[in-house]
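2 protein chains.
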Amino acid sequence: MKKAIVLVSGGMDSCVTASCAKKDGCQLSFLHINYGQRTERRELKSFNDIAIFFNVKEKLVVDMNYFNHIGGSCLTDLKIPVPKDNIDNHEIPVSYVPFRNANILSVATSWAEIIKAKIIYIGAVEEDSSGYPDCRRSFYDAFEKTIKEGTKPETSIKIMTPLINLYKKDIIKMGVELKSPLHLTWSCYENGNEPCLKCDSCILRSRGFKQADITDPILT
Amino acid sequence: MKKAIVLVSGGMDSCVTASCAKKDGCQLSFLHINYGQRTERRELKSFNDIAIFFNVKEKLVVDMNYFNHIGGSCLTDLKIPVPKDNIDNHEIPVSYVPFRNANILSVATSWAEIIKAKIIYIGAVEEDSSGYPDCRRSFYDAFEKTIKEGTKPETSIKIMTPLINLYKKDIIKMGVELKSPLHLTWSCYENGNEPCLKCDSCILRSRGFKQADITDPILT
Chain A
345 MKKAIVLVSG
355 GMDSCVTASC
365 AKKDGCQLSF
375 LHINYGQRTE
385 RRELKSFNDI
395 AIFFNVKEKL
405 VVDMNYFNHI
415 GGSCLTDLKI
425 PVPKDNIDNH
435 EIPVSYVPFR
445 NANILSVATS
455 WAEIIKAKII
465 YIGAVEEDSS
475 GYPDCRRSFY
485 DAFEKTIKEG
495 TKPETSIKIM
505 TPLINLYKKD
515 IIKMGVELKS
525 PLHLTWSCYE
535 NGNEPCLKCD
545 SCILRSRGFK
555 QADITDPILT
Chain B
345 MKKAIVLVSG
355 GMDSCVTASC
365 AKKDGCQLSF
375 LHINYGQRTE
385 RRELKSFNDI
395 AIFFNVKEKL
405 VVDMNYFNHI
415 GGSCLTDLKI
425 PVPKDNIDNH
435 EIPVSYVPFR
445 NANILSVATS
455 WAEIIKAKII
465 YIGAVEEDSS
475 GYPDCRRSFY
485 DAFEKTIKEG
495 TKPETSIKIM
505 TPLINLYKKD
515 IIKMGVELKS
525 PLHLTWSCYE
535 NGNEPCLKCD
545 SCILRSRGFK
555 QADITDPILT
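Protein chains in written order, with the numbering used here: chain A, 345 to 564; chain B, 345 to 564.
A hint or two may mislead.
Copies of the same chain are indistinguishable here, so a pair counts whether it falls within one copy or spans any two.
[To be verified] Under the rule of at most 30 angstroms between Cα atoms (straight-line distance), these lysine-lysine pairs were calculated in the BS3-like manner:
#1 Lys423 / Lys401
#2 Lys347 / Lys489
#3 Lys428 / Lys496
#4 Lys367 / Lys401
#5 Lys389 / Lys462
#6 Lys492 / Lys554
#7 Lys542 / Lys462
#8 Lys423 / Lys346
#9 Lys502 / Lys542
#10 Lys542 / Lys489
Worth flagging that the hints you see were computed from the coordinates, not collected in a lab.
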């Protein structure tokens, strides 16, 4: 059974990605990153709930709160407000955390090299996403090459992005089909007890469920 | 004046690299990483001393102590002893911290994207080094491509490795020529008040000074 690290934020995409890794027959290790995001507390709860659901034995939670010092994103800098109803603006949004996914994949690779995981699964979405540059497959291809160049010769690690070309509605349908625990996930960018339903992430989620003609289990 | 981030560990190579960046006419911003290394306390002192020497206004110190949880290296796992007199063994040594430089460059890139630095200087040495895979220029070329793919279209960041092809003795000669503050640097892998003179890093340093026919200022 191949060991795989799944990057699990606590959101819907990474949850469905974990189901894909399980379907692929992998033994799952979960990695969660606190990068100083507003929703850290709530996301970590979802991460732990999802880990229990998948019966994951090997978990790592990493603090990257240096992103608060670096700033420049509404997710990590409390002085920058989270925009509302901004989803059809095609510029890179202010929620973009600079080069975040490279930081995350670097930790994942370091851990993978030690625990001998052969695959890293990440729930990045290029097609129907917020337009982040570090969510494109071309970025993951470049990163895979970097792994090859920067690790031991015997280390071989692939990056799997099973959702990269899917639309949100298809991710939700896939999640339902794979019996993914969508009821345990959290998407909202704000730090409330209930989703705000107005931020980019809430709007993408609710539009996806509507288009899939499925009721969001966290709203029932 | 172009802004450049210099990765400054507190060691000799990064100190000479800072001198190279200054010679290239850059405005220097210094980044130091605590990755849970044994010598963290001593290295941080050298970092701060070197920053004062170069009159650096913009500094960032980042904690990556997750490397202690990941382990697998004698630098970050206190259960693994630091080998002595091991320098001519051509295998990748146990001081290799898995994919460390990718983690470091990722933070540097995130910071560079926000403070609008155009260059990252890193004092990696391929030729006369400990044989770490993430110290080869091919790794930095791959990482540069990853930066291009994973950042905003208007972001343009180069990675400069001015020492990559030099032998230790030539780095020392260059440091002396550029009036680099070698007396402020720290190389030893152990966490003592004086260099142990037996670890890989001490041996590389003393061999370099001997070959350059220069007295190491930290030993006088």
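Now the hints, each set against the structure:
1. Lys423 / Lys401: between (38 angstroms within a copy, 23 angstroms between copies)
2. Lys347 / Lys489: So Lys347 and Lys489 pass the 30 angstroms test inside a copy (20 angstroms) and across (28 angstroms) alike.
3. Lys428 / Lys496: between (45 angstroms within a copy, 22 angstroms between copies)
4. Lys367 / Lys401: Answer is within: at 17 angstroms inside a copy they meet the 30 angstroms cutoff, but 52 angstroms across does not.
5. Lys389 / Lys462: Within. Shortest intra-copy distance 27 angstroms satisfies the 30 angstroms Cα cut-off; inter-copy 38 angstroms does not.
6. Lys492 / Lys554: neither (41 angstroms within a copy, 36 angstroms between copies)
7. Lys542 / Lys462: For Lys542 and Lys462, the Cα distance exceeds 30 angstroms both inside one copy (39 angstroms) and across copies (36 angstroms).
8. Lys423 / Lys346: between (44 angstroms within a copy, 28 angstroms between copies)
9. Lys502 / Lys542: For Lys502 and Lys542, the Cα distance exceeds 30 angstroms both inside one copy (36 angstroms) and across copies (38 angstroms).
10. Lys542 / Lys489: Neither, since 38 angstroms and 36 angstroms both go past 30 angstroms.
Taken one by one, the earlier hints fail for this structure at numbers 6, 7, 9, 10, listed in ascending order.
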